Amino acid sequence: MELFLMTLTTGILVGGIYALVALGWVLIYKCSGVLNLAMGELTLIGAYVTYSFHAVGIPFIPAVLLTLLVGIVLGVLTERIFLDKLIGEPILAVIMVTVGLSFFLKGLIGYTWGSDTRVFTPPVFEIKPITLGMLRLSPVYLWSFVLAIVLLIAFVCFFKYTRWGLSMQATADDETAALSLGVSARFVYASAWAIAFMSAGVGGALLGNINGINISVGYLGLLVLPAVVLGGLNSVPGAIVGGILIGLLQNLSGTYLDQYFPGGVKEIVPFAFMAVFLLFKPYGLWGWERIERV
Amino acid sequence: MSSVWLPCGDYHWNYAQDQGWWQTKFIKGKMILLLAVVFIGIPLFLDDYWISVGTMVGYTAMGALGVQLLIGYAGLLTLGHAAFIAVGAYTSVMLILQFPWPQFMLDWGIAYPVSIILAGIVAGLWSVLFGLPSVKVKGFYLILTTMAAQFITVDFILTQYISQIGGRGQAFSLPPGTIKIGPWVIDTEKTTYYVMAVLLSLMIIVLANLLRSRAGRAWVAIRDNDIAAEALGINIIWYKLLAFFVAGFMAGVAGAFWVCNTAALSPEHFQWFLSLWLVGVILIGGVGSIQGAVFGSIFMVVVMELLQMAVLPIADFYPKVLMNFAYVKDMAFGLAICAFLIYEPNGLAYRWWQAKNYFNLWPFSY
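If you read the sequences in order, they're chains A and B. First residue of the first sequence: 5, per the working numbering; consecutive thereafter. First residue of the second sequence: -11, per the working numbering; consecutive thereafter.
With the rest of the complex left out, here is chain A:
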């Protein structure tokens, strides 16, 4: 029972980080209809940039804030250089540009930081677990979850109440109508990419604190895709629920299935679950169902 509860809480906590990265993904999709397969690399970049700032001696929180700034710059640059010219092109082209981008970024990261695992030194979070009743949680997860939730709420509020956020929603809903009302679509797309870089960056910084930073953090960023699909491609609450669901699924399968299928069952289960899930609910939990006509 204790093991079960432990697994459950860890799952939910890790899921919070996935939800944060998933949110960035959904924002891009909602605003510009771009399916971003470079999410893993965005996460990696966030992790490495935070690490670099931290290694210079900047404390963790300012380092994360600086990472956010870098994320804005990189996001706007990416949008301007690569994605801007592809508005209105077929979906495959746009997806593949993000794939090309992911290769480019992966190469750049590997070239700059090498393939060794980097660990935050001194550790940002304490290693001694916090005891809550009969649960023992490592502070990394707890703080990550708290930070993730805070940022989630911040993003959601931004989306709902600020002028920018509203214009982004308007563009997502109907690009032409938004343009005729004076919303600058280019600005909206650029800010969507900036937000994606930022949320992936924070997610990466947190994930990097759990097991150290190497290329596999990028794989964790990829795990966000099943989360997004489970929630439905264009639903913000879906992204959050999907992220937590994937975190849970991963940890439960790691604990209970690993003895029957030794090896990397933890990494595979989200994808397998997603493939089966799509057979029954092709649009995820809350995705828009497209009614297609000839």
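It should be emphasised that the hints constitute simulated quantities derived from the structure, not laboratory data.
Pair by pair, the computed Cβ-Cβ distance ranges are: (1) A:W168 x B:Q152: 52 to 60 Å; (2) B:D6 x A:A97: 27 to 35 Å; (3) A:W168 x B:L34: 54 to 62 Å.
Since the structure is predicted, the reported quantities are computational estimates derived from the model, not experimental observations. The beta carbon of each residue, even a glycine, is placed where N, CA and C say it ideally should be.
Given chain A, put chain B in place with the hints provided.
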């Protein structure tokens, strides 16, 4: 095929001519010349290094043909093709190593050819299994299910289970001389190249013929508008799954071929990278054309080799470039895909087509 410009005074008198492959004497001569270059010229005049580059081009093209069929002709986006190549390769290796072949089959060199065909069939069926969601989903959701195929097959089943069979650890190595087709032992660059050339030519012929049959027309209809296709009485479930089977079969054959090009087979050869690479190849070559897959393979493999050569002189005073060449390659590949999609979205095949038209219509191009 109908886009071929016929010379003045040359007419089609029946549908068979209209559907013909080699419609004019010039095209026939050109293709025979091409075959001569591929089968005689390259192995005769190039050294072993460039022959091995040619083999890599062929292997890439074999994989890319399946992707081309799925993406370019049937409109089914896939990012997990390496999984099916891996299934083919492992089926072939397992058959050769573990199956109790009768001695005469080994002596006559039937074992490997049989394993190629079985590898194709197994990979095809595996591909159909992961193509099943395509019945209900499409677009991005389909990409994710094919990605699931990649991770489940290569990173889990092959790495954790199949690779452990026989206590070999990670890599399967074939004893020299095991791969034998008829009387020929496949052990040099040249023989491998010939196996590649024969298999690739066969695959191109099969695919080109499929595409001008009922199935090919159904695929194109599904790609262009699947609802309209269904309304026209095309059984889209059957044809989508058929596309997955054929693409998987080709991937399996490509994988079985890879066995004779490599000393030791390991799941490392079939990472997600390869799937993305193959999609990149057809994007660069041109989506929706068989030549596109071949052009893309030639371009990518040869450009990467040239890049490596170009890097060597830089490495003298800046050795980090060579040490991290894999990353440089990633960057170059990523930039190439982006640049092609942004500036040349129709791919190399389109340029080729334009060049051909220019010369066909020269000097009166209007």
